[in-house]
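Undergrad: Just so you know, the sequences run in chain order A and B.
Residue 323 in the working numbering sits at position 48 of the first sequence, and the numbers go up by one each step.
Residue 48 in the working numbering sits at position 29 of the second sequence, and the numbers go up by one each step.
FYI, nobody ran anything at the bench for these hints, they're computed from the structure.
Note that this is a predicted model, so its numbers are computed, not measured.
Certain hints may be false.
Each computed PhoX-like pair below joins lysine-lysine, with the alpha-carbon atoms no more than 25 Å apart [unchecked claim]:
#1 A:K333 - B:K75
#2 B:K171 - A:K302
#3 B:K63 - A:K298
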Amino acid sequence: MNYKASQMSQSKKPDADASRSKKIRQKRIGDQLRRLYDDVTNEPVPDEFLSLLEQADKSSKQK
Amino acid sequence: MDDQAFKTELAELIPHLRAFARSLCGNATAADDLAQEAMLKAWKARASYQAGTNLKAWTFTILRNLFYSEKRRSWRRQQLDPEVAEATLVSNDNPSSAIELLSLRNALDELPEDQREALILVGAGGLSYEETAEICGCAIGTIKSRVSRARKAITEILESKMSGLTGNDSLSAADAFEDIMRQADELSRDLPADA
Chain A
276 MNYKASQMSQ SKKPDADASR SKKIRQKRIG DQLRRLYDDV TNEPVPDEFL
326 SLLEQADKSS KQK
Chain B
20 MDDQAFKTEL AELIPHLRAF ARSLCGNATA ADDLAQEAML KAWKARASYQ
70 AGTNLKAWTF TILRNLFYSE KRRSWRRQQL DPEVAEATLV SNDNPSSAIE
120 LLSLRNALDE LPEDQREALI LVGAGGLSYE ETAEICGCAI GTIKSRVSRA
170 RKAITEILES KMSGLTGNDS LSAADAFEDI MRQADELSRD LPADA
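Kindly generate the complete structure, drawing on both the sequences and the hints.
TA: What follows is the structure, encoded as structure tokens:
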């Protein structure tokens, strides 16, 4: 690569790099946002929820 | 829809009610309280649910109304609980990603409530703009603009934290670690073939 060519590629690079790294960061934030949510949906549901729902169902049947 | 079918579908939504509640409350115990109340309220209101419409959006609306109508309740969002922070760190195989998740949580805390909620429903909960608009009781365009403002703000908050790290003497070990790991991660990320 001659001097001029290497200069040209250098002058182009920062923009492309910046936009690529911006995309990477935004994708990463998106992935992490989903993880915050999925970490909770993947937890086992505490028994209390289902027993409360059963209770509510039973008492509504009695009425 | 008969009671049995409604109960089954409602039970399947519990993980989502918990996740949405967690994003509003920031504290796991308070969030489960809120999610339980919302679940029971949905059960009681089952007669007013129209079969064939979106049950997830319907229950989320109930949960959200409950959250905003009872402002005095303990489940109002608080600063991230240190215990939650610790649990996130300990339970995670990858410490750098755990720290990143915490940074994101903290950044979310800095957003206005309406933007945070829109971003979480669309960006994390996978709800459509339309469903989110229904849940929040506003126009689709409003949700779109809240999500886009929230995305921009989150990026700026996280970036200002990163740039604030350089030349700062009081840089904590965790922050330094995060900074280094993030840079390493970006460098090692698969680059597209044409890059």
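Undergrad: Going through the earlier hints one by one, which of them does the structure break, listed in rising order?
TA: Hint check: 3 fails alone, others pass.
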